[in-house]
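Participant: With chain A's structure known, arrange chain B on it following the hints.
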Amino acid sequence: MNWYDFFLRNHSEVFERSVEHVVLVAASMAIALAIGLPVGVALVRRLTLQRWVLGAANVVQTIPSLALFGFLIPVPWIGGVGASTAIVALALYALLPILRNTCTGIAGVDPAVVESARGMGMTPRQVLWQVQLPLAAPVMLAGIRVATVISIGVTTIAAAIGAGGLGVFIFRGVAMVNNQVILAGAIPAALLAVVADFGLGALQRSVAKR
Amino acid sequence: MASLNAPPRDGLALECRAVTYRLPSGAPLVSGLNLQVKSGETLVLLGRSGSGKTTTLKLINRLLEPTEGEIFITGRAGSAWDPIELRRGIGYVIQDAGLFPHWSVERNVALVPHLERWPEERVRARVTEMLELVGLPPGQFATRRPSELSGGQKQRVGVARALAADPPILLMDEPFGALDPVTRADLQKEFRALASRLHKTIVFVTHDVREALYLGTRIALLTEGRLVGTYSPAEFLKAAEPEARAFAASLHVGAGTGEVR
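Line by line, the protein sequences give chains A and B. Take 1 as the starting number for the first sequence in the working numbering and just add one per residue. Take 211 as the starting number for the second sequence in the working numbering and just add one per residue.
Quick caveat, the hints were computed from the structure, so don't treat them as lab data. A portion of the hints provided could be inaccurate.
To be verified - List time: in silico DMTMM-like cross-link candidates among lysine to aspartate or glutamate, alpha-carbon distance up to 20 Å: (1) B:LYS399 / B:GLU358; (2) A:LYS209 / A:ASP110; (3) A:LYS209 / B:GLU358; (4) A:LYS209 / B:GLU316; (5) B:LYS448 / B:ASP396; (6) B:LYS399 / B:GLU342.
Unchecked claim - What follows is a list of derived Cβ distance ranges for each label pair: (7) A:LEU203 / B:PRO329: 31 to 37 Å; (8) B:ARG332 / A:ALA26: 55 to 61 Å; (9) B:GLY439 / A:THR123: 46 to 52 Å; (10) A:THR123 / B:ALA287: 19 to 25 Å.
Unchecked claim - Which residues of chain B face chain A? A few of them, derived with a C-beta cut under 10 Å, are: (11) PRO293; (12) GLN305; (13) LEU309; (14) PHE310; (15) VAL322; (16) LEU325; (17) ARG327; (18) LEU447.
Remember, it's a predicted structure, so these values are computed and weren't measured experimentally. The beta-carbon is built from N, C-alpha and C at its ideal position, and this holds for glycine as well.
Just chain A, same shape as in the assembly (with noise of 0.2 Å):
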């Protein structure tokens, strides 16, 4: 039986591992978002906070990510067995490139186009919105996509500890010493990774061109 057999035969299991697996890094990428951008923001201009929380999100990517769901199950509220707990490790996996991308993208904005715009008496609120954050936004995107890839691939772990997700037919095909079962889980995160990588590219490129 190849692999693609046992896909066949298992595919509504594939299914929704697939979307336990989408979730799991919509959910984490969603949280990342909603504290990696507004951080990013506010970090811009505070070179020295920036350096030390972008050195922390450099730390957590640092762990590996078997360790870092190991270390978040005995933490009270966030943590236990399960989805919640993946999520929370996946966001922190998620932070680096986010907050690093926003910060360097906003710093990185011409300074004389940011000058004009205060001297034209823009609010600091108007310069951020219509000039730094469309200016940035190339650049940020360029992180959101690496978070996104990176998270697929490392919530394929999250099945370790019971968050389940494709990984879950990789760890029992590891199990099993049984390289279909492996590959029914590898194949279809793989795909997900290309596919968000993908599109994000594609966005990308659509908003620079603007």
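Facilitator: Quick look at chain B alone, frame taken from chain A:
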């Protein structure tokens, strides 16, 4: 709210009284500056790099706040103005134009009228008028992006944008500094004609003494953040101060390659 358009009682559009601006480190960029700009004149701030010219401009539109002293705009202390409202009443043109690259020429020019919530029809009419004024046919240029313009055209759009809401005061920070000499000469000529027609109070920053002599009704010479003196162009060439003589002498470097004006 006082209006910038109210004619100043003493004929002074701008006045700096003992203005000092220091960096947080304590280093002064402008020291004890006293300067008066009459309504309708073109005052050129001339000086070397680092002489405090640009800082002075930014103090006028409150992009920077004086450490000491006060700047009066149409007789009213700068600190009494709402900075946003003040800036909308003062046109501002900088060296690289600072156009918004993600907006069309039209939208760039319409910036301040939009901020001031003019009705859409009035904005459109004004944009057309401004583009014609700076010699850019609206039919050809209105929908272009800044990236589709030459350096000289960008600077024309920069001037059109600064004039769009009809501000009585115009601040220009080396607007023609990055242009090739031929384009620069064209724009200087047109700008001089425009300035004499529009009766704006203009403060113009440059380090180019020829430009200062050509465009200025008066020249204020700065060195190391201090005012050396103010002169008419004719007085400037005869001035005795060493810094003025240094600038006047620079006119003759490479003499024979072209005329002064």
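Participant: Each hint: holds or not?
Facilitator: Hint-by-hint comparison with the structure:
With a C-alpha separation of about 24 Å, the suggested pair B:LYS399 and B:GLU358 falls outside the 20 Å cut-off, and the hint is violated. Under the criterion of a C-alpha separation no larger than 20 Å, the hint pairing A:LYS209 with A:ASP110 is consistent with the structure, at around 17 Å. Of the supplied pair hints, the one linking A:LYS209 and B:GLU358 holds, its CA atoms being roughly 13 Å apart against a limit of 20 Å. Distance check on the hinted pair: A:LYS209 and B:GLU316 sit about 18 Å apart at the alpha-carbon level, within 20 Å; holds.
Taking the CA atoms of B:LYS448 and B:ASP396, the gap is near 28 Å; set against the 20 Å cutoff, the hint is violated. For the given pair, B:LYS399 sits about 16 Å from B:GLU342 by alpha-carbon distance, which is consistent with the 20 Å threshold. A hinted range of 31 to 37 Å for the beta carbons of A:LEU203 and B:PRO329 is consistent with their spacing of about 35 Å. Judged by the Cβ atoms, the range 55 to 61 Å given for B:ARG332 and A:ALA26 is violated: they are separated by roughly 46 Å.
Checked against the given bound of 46 to 52 Å, the beta carbons of B:GLY439 and A:THR123, roughly 39 Å apart, lie outside it. Between A:THR123 and B:ALA287, the C-beta spacing of about 22 Å keeps the proposed range 19 to 25 Å intact. For B:PRO293, the interface hint holds, since its Cβ comes within 10 Å of a Cβ in chain A; the closest pair sits about 8 Å apart. With its C-beta approaching chain A no nearer than about 7 Å, B:GLN305 sits inside the 10 Å limit, and its interface hint holds.
A distance limit of 10 Å between C-beta atoms decides the matter here; for B:LEU309 the minimum to chain A is near 7 Å, and the interface restraint holds. A hinted interface residue such as B:PHE310 counts as satisfied when its beta carbon comes closer than 10 Å to some beta carbon of chain A; here the least separation is about 6 Å, so the hint holds. At about 6 Å, the closest approach between the beta carbon of B:VAL322 and any beta carbon in chain A falls short of 10 Å, and the interface hint on this residue holds. Nearest Cβ of chain A to the Cβ of B:LEU325: about 6 Å, under the 10 Å cut. The hint holds.
At a threshold of 10 Å, the smallest CB-CB gap from B:ARG327 to chain A is about 12 Å, leaving the interface hint violated. Restraint check, B:LEU447 versus chain A: the minimum CB separation of about 33 Å is more than 10 Å; hint violated.
Violated hints, in rising order: 1, 5, 8, 9, 17 and 18; the structure is consistent with all others.
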